[in-house]
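Visitor: First to last, the sequence lines map onto chains A and B. Going by the numbering used here, the first residue of the first sequence is number 1, and it counts up by one from there. Going by the numbering used here, the first residue of the second sequence is number 309, and it counts up by one from there.
In short, the hints are calculated from the structure, not lab data. Predicted model only: the values in this text are computed from it and were never measured. Be a bit skeptical, because a hint or two may be false.
[Stated by the list, open to error] Think about it this way: if two alpha-carbon atoms lie no more than 27 Å apart in a straight line, the pair counts; the simulated DSS-like pairs of lysine-lysine are:
| no. | chain 1 | residue 1 | chain 2 | residue 2 |
| --- | --- | --- | --- | --- |
| 1 | B | Lys845 | A | Lys167 |
| 2 | B | Lys477 | A | Lys241 |
| 3 | B | Lys778 | A | Lys125 |
| 4 | A | Lys137 | B | Lys415 |
| 5 | A | Lys249 | B | Lys845 |
| 6 | B | Lys766 | B | Lys812 |
| 7 | B | Lys533 | A | Lys241 |
| 8 | A | Lys111 | B | Lys758 |
| 9 | B | Lys766 | A | Lys134 |
[What the hints assert, rightly or not] Listing some non-contacts, in silico: residues in chain B with all C-beta distances to chain A over 10 Å:
| no. | residue |
| --- | --- |
| 10 | Lys418 |
| 11 | Phe473 |
| 12 | Val486 |
| 13 | Leu596 |
| 14 | Cys737 |
| 15 | Thr779 |
| 16 | Pro846 |
No residue lacks a Cβ here, since even glycine has one placed at the ideal position from N, Cα and C.
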Amino acid sequence: MKRREFLGKSAKTAIVGGAVFSLGGINQAWGKGVTSADMPYDLVAVKGGEPGVMFDLAMNAIGGMGKFVKKNQTVVIKPNIGWDRTPDRAANTNPELVKKIIEHCLAAGAKDVFVFDHTCDTWTKCYKTSGIEKYVKEAGGKMVPGNTENYYQEISIPEGKKLKTAKVHELILESDVFINVPVLKHHSSTKLSLAMKNLMGVVWDRRFWHKNDLHQCIADYATYQRKPDLNIMDGYNALMKNGPQGVSKSDVLNMKAQLISTDMVAIDAAAAKLFGAEPANIPFIRNAEEMHVGTMDLSKLSIKRIKV
Amino acid sequence: MGGSLLKKIRVVVSLVFFTSFLLVFLDFRRMIPEDIINGVTWLQFIPSVLKFLNVFTLGAIGFVVVIVLSLIFGRVYCSSVCPLGIMQDIISWFSRKFKKKRARYFKFSKPHNKLRYGLLILTVLAFITGSVLLVNLLDPYSNFGRIITFFLKPLVIWFNNFMSFLLGKVNVYALFPVEVKSVPFMVFLLQLGILVVIGWMSVFHGRLFCNTLCPVGTFLGFLSKFSVFRIRFDKSSCTHCGLCGMACKASCLDVKEQLVDVTRCISCFDCLPVCSTTSVIYGTKKQLKKLETSSQKVETSGDKPDLSKRKFIFGTIAFAFGTVGVTKSQSRIQLQDTLKPDGLQVKKDTGFVTPVATLQSTVPEDREFPVCPPGGTSIDDFNYRCTACNLCVNACPSDVLQPSFFEYGLKGILQPRMDYWKGFCNFECTRCMDVCPTGALLPIEIETKKLTQLGIAKFIKDNCIVHTEKTDCGACSEHCPTKAVKMVPYEEDDRLVIPEVDDKICIGCGACEFACPTTPFKAIFVNGNSTHKIAEKPKEEAIQKSADEDFPF
């Protein structure tokens, strides 16, 4: 059910028509992901190690990547690669972590592991400077562009209050497994950039979100049925101020933390706590919980805490 | 050296130069390193002269090499180095394939001396008195750059997009689609006018552009009067058959009088292999004397110009200038047309529920100055240094550089400006300055560039989403690399934050303006600095929080 459009603007009607047509088929491709019942814990939190080490331990705790990735499946990983910044600036996801995730996916038998982001700065520069392109290639994954509208297909978000449609990158719709790998950082307008906020990078038109109640749009998109099968929060280096891109290294805290969950609200709530913020004070987390995307009350969750 | 070998060498050299220029101007993936680009453009005459004047380095002496070459070999620059010259040869070569036999041949014509020397003097005088307008419109290299950028590059990108579409079907992402950023309509039209003139001349008259309108051609032609090697007739053996004249795209061989107009000869050597009696030779005076039995001296011709042709040429120039003289109001209309942001409109008739319609912003941006690219130092200086070759427009990885129409006024027509509707200046990038062949964009260090203030962001509260919709937005602050645009508590609702600009650390990169989602007017825009300034460095403060050992949950 692949349907790539080129010469986007001249073929708008075709895109819309095709999207409607293709929705049925796409739904069958996924939706058989891991449910929370399959997970031994609602949330795994690791502290005190290098990104790769922490990820190994977390995967051990939940029973390995094989739970999420079956043989010959395709995987799409969505890190934050939004900015033309080096890894030590914590504006993007740690490249070592991305590499480790790909290795786990391939070891579990994945056919292809794709990595992309719809970046804010020039995408070629972001992919390079973030170190992610290099590490992805080393691990055997494929970097995919997200820079033109042709890659994005229109979907509908029936439960959305403000955001009712969006154009989503085809890999999110086509891949068997979707892994969301945000970086924990301060954000000038949404207070924090976390798992749900990271999904702004899988859609084409972000300006619409900014225009129409940003917090609500983030929560709205989190209700869309194609949710990440797994969320991995990179808190190795956390951007504590001047987010989302930071001004200097003095904005970065070497927190050495990592969170893993299938629940975007839970992982965002835990990340907010790590940052030093109250989840209920972050509107998009609160909104998402109200829309039953997940649970932000951490006391209700089973949490596995690991210290390296 | 045999005539046909000389011609072959000329063809190979010119194709190597032409291909290099094509690659440099068509490199939409920006893969060619800056040093190689500089190497390719190094010999270009006018850019090199300007770079020498602007930067004053020994690295900018390409034009001296060209002068020396011309004094020795004649106008080999025009035949083999100038990309526009070679392009005309290619046009002319192709067009001859479609012509009737008789029309395929060139014939001798008289030089338009008053026109060409007049134009050269006018161009130089205008330059001395502070205008590069004529240089920009007539410089062959810059014209070539614009022609490729405006007309050929979009076709190449479309082809790339088609191929990447095919490859994408099998999940191969080696090629990726690239957005074609359209050139403003009037800019397109102006350059199209110039292309039509040059194209017409090359189809019907070979190198007429080079020998009448091109100031470089005229200047090097003048130098060629003193060249050591040149095309000469061996009058003793010449049979007046006229084959050489029919092959001469510069129309400079007067077979009847057995005269060569060296000022117009571009040393292309096309005449050498066609001569059945080897009476046309390329060599020194001595070499000719050896061949010649008669002692008659060969002189350059100095005929009077052909009036009817001159009228036509004046007509075409008037047309070209007429295109320039389009009123400002039209350019404003064009500006409005470009104010359509990508992807903002939500499509109707989708079968989905159409998202809520958002309010339109109401306050127009009050732009006092356009934003001149980094390294331009000031709008006036930049306008005086740039030949509008648009190489930086191609090289810019952020697509923020766009050719201007009347934004700078007539003096800066076709020169690049920062168009923050199309993109914003990448904080960590100096590529435009690194490739600029004229030194119009002075090569400044990255650390200095990060503090170079091109303009200052101005916030229009009445357009801002936070103020009009009472919801959070902050796209501007998000994109700001120095946090000169920071979010502060909004006075009417303390749950919200609204942007505030710190003029001292703003560098005018346009990230805020690009990211601002309001239409048709932005809530934050960059007003250019007429002279670039140095901004203050953003303050660094240590973080209060330290990494906890324990989990806070």
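Visitor: Now look at each hint and say whether the structure bears it out.
Guide: So, going through the hints one by one against the coordinates:
1. Lys845(B) - Lys167(A): 39 Å, violated
2. Lys477(B) - Lys241(A): Violated - the C-alpha atoms of Lys241(A) and Lys477(B) are around 42 Å apart, more than 27 Å.
3. Lys778(B) - Lys125(A): 35 Å, violated
4. Lys137(A) - Lys415(B): 61 Å, violated
5. Lys249(A) - Lys845(B): Within the cut-off at roughly 14 Å; holds.
6. Lys766(B) - Lys812(B): 12 Å, holds
7. Lys533(B) - Lys241(A): 69 Å, violated
8. Lys111(A) - Lys758(B): 43 Å, violated
9. Lys766(B) - Lys134(A): Not OK: Lys766(B) and Lys134(A) at ~39 Å, beyond 27 Å, violated.
10. Lys418: Per Cβ check, Lys418(B) is outside 10 Å of chain A; nearest 50 Å; holds.
11. Phe473: The assertion about Phe473(B) is violated, with a minimum of 4 Å to chain A.
12. Val486: 7 Å, violated
13. Leu596: Non-interface label on Leu596(B) holds, nearest chain A Cβ at 57 Å vs cutoff 10 Å.
14. Cys737: 7 Å, violated
15. Thr779: At roughly 4 Å from the nearest Cβ of chain A, Thr779(B) sits no farther out than 10 Å, so the non-interface label is violated.
16. Pro846: 5 Å, violated
In this structure, the earlier hints numbered 1, 2, 3, 4, 7, 8, 9, 11, 12, 14, 15, 16 are contradicted, and the remaining ones agree with it.
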